[in-house]
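Protein chains: 2
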Amino acid sequence: MSTHTVTAQSCANIAFIKYWGNRDHELRIPSNGSISMNLGGLYTHTRVTFDPGLRCDELVLDGQIQAGAPLERVSAMLDRVRRLAGLAYNASVQSSNNFPMGVGIASSASAFAALSLAASRAADLALDEAGLSRLARTGSGSACRSVPGGFVEWRAGNRHEDSYAYSLAPPEHWALVDCVAIVSREHKSTGSSEGHPLAYTSPFQTARVDDAPRRLGICRQAILDRDFDALADIVELDNNLMHGVIMTSSPRILYWQPATLTVMHAVTRWRTEGLPVCYTIDAGPNVHVICRAPFASEVAERLKTLPGIEAILTATPGGPAQIINED
Amino acid sequence: MSTHTVTAQSCANIAFIKYWGNRDHELRIPSNGSISMNLGGLYTHTRVTFDPGLRCDELVLDGQIQAGAPLERVSAMLDRVRRLAGLAYNASVQSSNNFPMGVGIASSASAFAALSLAASRAADLALDEAGLSRLARTGSGSACRSVPGGFVEWRAGNRHEDSYAYSLAPPEHWALVDCVAIVSREHKSTGSSEGHPLAYTSPFQTARVDDAPRRLGICRQAILDRDFDALADIVELDNNLMHGVIMTSSPRILYWQPATLTVMHAVTRWRTEGLPVCYTIDAGPNVHVICRAPFASEVAERLKTLPGIEAILTATPGGPAQIINED
Numbered sequence: 001m002s003t004h005t006v007t008a009q010s011c012a013n014i015a016f017i018k019y020w021g022n023r024d025h026e027l028r029i030p031s032n033g034s035i036s037m038n039l040g041g042l043y044t045h046t047r048v049t050f051d052p053g054l055r056c057d058e059l060v061l062d063g064q065i066q067a068g069a070p071l072e073r074v075s076a077m078l079d080r081v082r083r084l085a086g087l088a089y090n091a092s093v094q095s096s097n098n099f100p101m102g103v104g105i106a107s108s109a110s111a112f113a114a115l116s117l118a119a120s121r122a123a124d125l126a127l128d129e130a131g132l133s134r135l136a137r138t139g140s141g142s143a144c145r146s147v148p149g150g151f152v153e154w155r156a157g158n159r160h161e162d163s164y165a166y167s168l169a170p171p172e173h174w175a176l177v178d179c180v181a182i183v184s185r186e187h188k189s190t191g192s193s194e195g196h197p198l199a200y201t202s203p204f205q206t207a208r209v210d211d212a213p214r215r216l217g218i219c220r221q222a223i224l225d226r227d228f229d230a231l232a233d234i235v236e237l238d239n240n241l242m243h244g245v246i247m248t249s250s251p252r253i254l255y256w257q258p259a260t261l262t263v264m265h266a267v268t269r270w271r272t273e274g275l276p277v278c279y280t281i282d283a284g285p286n287v288h289v290i291c292r293a294p295f296a297s298e299v300a301e302r303l304k305t306l307p308g309i310e311a312i313l314t315a316t317p318g319g320p321a322q323i324i325n326e327d
Numbered sequence: 001m002s003t004h005t006v007t008a009q010s011c012a013n014i015a016f017i018k019y020w021g022n023r024d025h026e027l028r029i030p031s032n033g034s035i036s037m038n039l040g041g042l043y044t045h046t047r048v049t050f051d052p053g054l055r056c057d058e059l060v061l062d063g064q065i066q067a068g069a070p071l072e073r074v075s076a077m078l079d080r081v082r083r084l085a086g087l088a089y090n091a092s093v094q095s096s097n098n099f100p101m102g103v104g105i106a107s108s109a110s111a112f113a114a115l116s117l118a119a120s121r122a123a124d125l126a127l128d129e130a131g132l133s134r135l136a137r138t139g140s141g142s143a144c145r146s147v148p149g150g151f152v153e154w155r156a157g158n159r160h161e162d163s164y165a166y167s168l169a170p171p172e173h174w175a176l177v178d179c180v181a182i183v184s185r186e187h188k189s190t191g192s193s194e195g196h197p198l199a200y201t202s203p204f205q206t207a208r209v210d211d212a213p214r215r216l217g218i219c220r221q222a223i224l225d226r227d228f229d230a231l232a233d234i235v236e237l238d239n240n241l242m243h244g245v246i247m248t249s250s251p252r253i254l255y256w257q258p259a260t261l262t263v264m265h266a267v268t269r270w271r272t273e274g275l276p277v278c279y280t281i282d283a284g285p286n287v288h289v290i291c292r293a294p295f296a297s298e299v300a301e302r303l304k305t306l307p308g309i310e311a312i313l314t315a316t317p318g319g320p321a322q323i324i325n326e327d
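Taken in sequence, the protein lines are chains A and B. Going left to right, the first sequence walks through residues 1 to 327 as the working numbering numbers them. Going left to right, the second sequence walks through residues 1 to 327 as the working numbering numbers them.
Among the hints, a few may not be true.
Since copy identity is lost for identical chains, a pair holds within one copy or between any two.
Claimed, not checked - Lysine to any residue pairs mimicking SDA-like chemistry, simulated, CA-CA at most 25 Å apart: (1) K304 to L254; (2) K304 to P276; (3) K304 to T316; (4) K304 to D162; (5) K304 to T314; (6) K304 to G274.
Bear in mind the hints are in silico, worked out from the structure with no lab data behind them.
Sequences are here, hints too, so could you generate the full structure?
Spelled out as structure tokens, the structure:
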């Protein structure tokens with residue numbers, strides 16, 4: 001069995017139509033489809049080596065040796081790869097992000113997309129994009145959307161085989177910028193993995209899911225047509241629907257912080273003033289302020305003047321997960 | 001036809017289970033029943049005189065002569081009273097609140113409850129409590145809850161006759177305090193009268209209404225049992241359900257301000273520390289922090305230390321609408 005060391009890179013992504021809740025928690029088959037944009041420049045680098053000399057899997061994350069839950073989640077993914085490849089070796093995994101974890105930028109998405117690619121290639125598995133997307137999904141649902149490039153749709157599907165993401169349009173299709181207003185670097189109290197199983201405890205989740213095909217259709221068309229006004233309206237509605245579910249689940253979760261609302265109100269006001277911007281928020285307090293590229297520096301400058309904003313990260317549409325080194 | 005001058009007083013109320021959306025906008029037959037507590041000490045005084053010498057209705061609100069929409073809404077109520085009483089005279093109405101208007105304390109509730117009582121008595125109509133509550137409802141839905149005393153339930157009903165409020169328990173039944181954290185004295189951008197017709201543009205309103213009988217049952221029982229934990233849980237859930245509808249209607253409305261969230265997070269934290277408190281927010285940015293009376297000064301002190309809080313108003317359970325002067 002030949003194995004080697006592979007390093008892969010994958011972007012974070014920001015959902016325009018959100019993933020929240022599963023119809024199958026084990027396989028991470030989502031309650032509804034979702035649409036996202038890869039965030040170029042906000043990425044995870046992951047290096048994987050299967051090594052017959054290791055007594056167990058090893059995980060180093062941003063320079064820190066990991067044990068417990070993070071290692072178990074990575075080992076579960078490695079087990080899937082080992083099963084597919086008929087491989088028995090343990091693996092050494094080194095992973096690093098160039099953005100802060102657990103603050104609402106989907107670090108688990110880029111991490112599991114990069115891990116899927118690096119581990120499957122290190123095990124000499126030849127997976128196509130759909131196969132890689134499916135594999136990434138089993139580690140973290142939204143990771144399946146960080147496998148293809150640019151603007152991406154994850155078709156919910158009904159079983160493992162038909163639940164994966166594909167590119168709606170390449171990164172160069174539409175010059176959008178995500179100005180991420182970082183509100184807090186505190187680690188969030190409830191991760192999205194723990195949040196998904198709560199979705200159906202909200203009286204709103206069924207209504208949110210039932211309406212999803214309509215929203216997906218509008219969002220898909222807005223991207224294909226490069227229609228910013230249509231995108232802005234459906235992105236903000238979908239965001240508020242997801243957080244409406246989250247804040248009415250049992251237990252209730254409030255990811256928004258005061259500065260989150262400051263940005264939401266400011267963005268709403270700026271748009272009425274003619275600036276092409278909209279907001280969306282993942283499972284954390286940060287606000288992703290999406291705008292057309294010619295207005296990005298204006299938007300970033302304005303965001304900096306708001307109280308409670310610690311930093312602004314910007315990202316343009318990013319490419320697919322890719323191998324950056326093999327040896 | 002004998003008429004005279006009557007002054008009535010009515011409390012504001014805070015809804016524990018919220019009214020949002022109508023099945024009949026004209027008559028203000030609500031989509032779901034609601035439960036509230038009258039706010040003793042936060043009241044409207046309204047004086048009404050029917051006068052054959054007046055060429056049209058006159059309204060003075062907090063010392064300011066009114067025209068346009070506020071006058072029309074009062075005249076519509078006076079028309080109903082004139083029709084019931086067979087009276088043709090115009091009226092002079094003087095009304096004043098002892099709390100700021102349009103910031104999320106239901107000034108229209110206390111105003112229309114007081115107007116209904118003063119106007120009907122000035123026209124020599126003898127309405128019982130249910131009749132007065134029905135009449136108040138036609139001016140402002142939640143006004144029907146400011147007619148009976150203490151803890152009040154508004155049965156939604158299906159038509160004018162069966163949609164009115166009654167007392168679940170008198171004010172002395174349970175020593176609760178509402179510490180109202182005033183976040184902003186700016187007049188809100190969308191009044192609740194304009195908000196109600198938007199309710200069904202939210203994908204969530206039907207689910208919220210369908211679940212209402214369950215919430216009403218829990219809240220009613222929590223009040224009868226004086227069970228604060230049960231009350232806190234259902235009050236906060238119901239609040240988040242209403243705001244979930246509001247922020248996903250078309251157009252989207254965000255009544256919460258940054259300091260609103262500051263208080264919501266603080267109250268959640270304080271409750272986990274053992275303090276019997278919960279939050280609820282009407283159609284505005286202020287937070288009503290409900291607590292058991294022995295903890296009210298502690299809660300008020302803590303609220304004062306939070307950033308963005310302009311003032312704290314406190315209220316204990318209030319009595320019914322009442323006549324305070326006739327001549």
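Legend entry - Hint numbers not upheld by this structure, sorted from lowest to highest: 4
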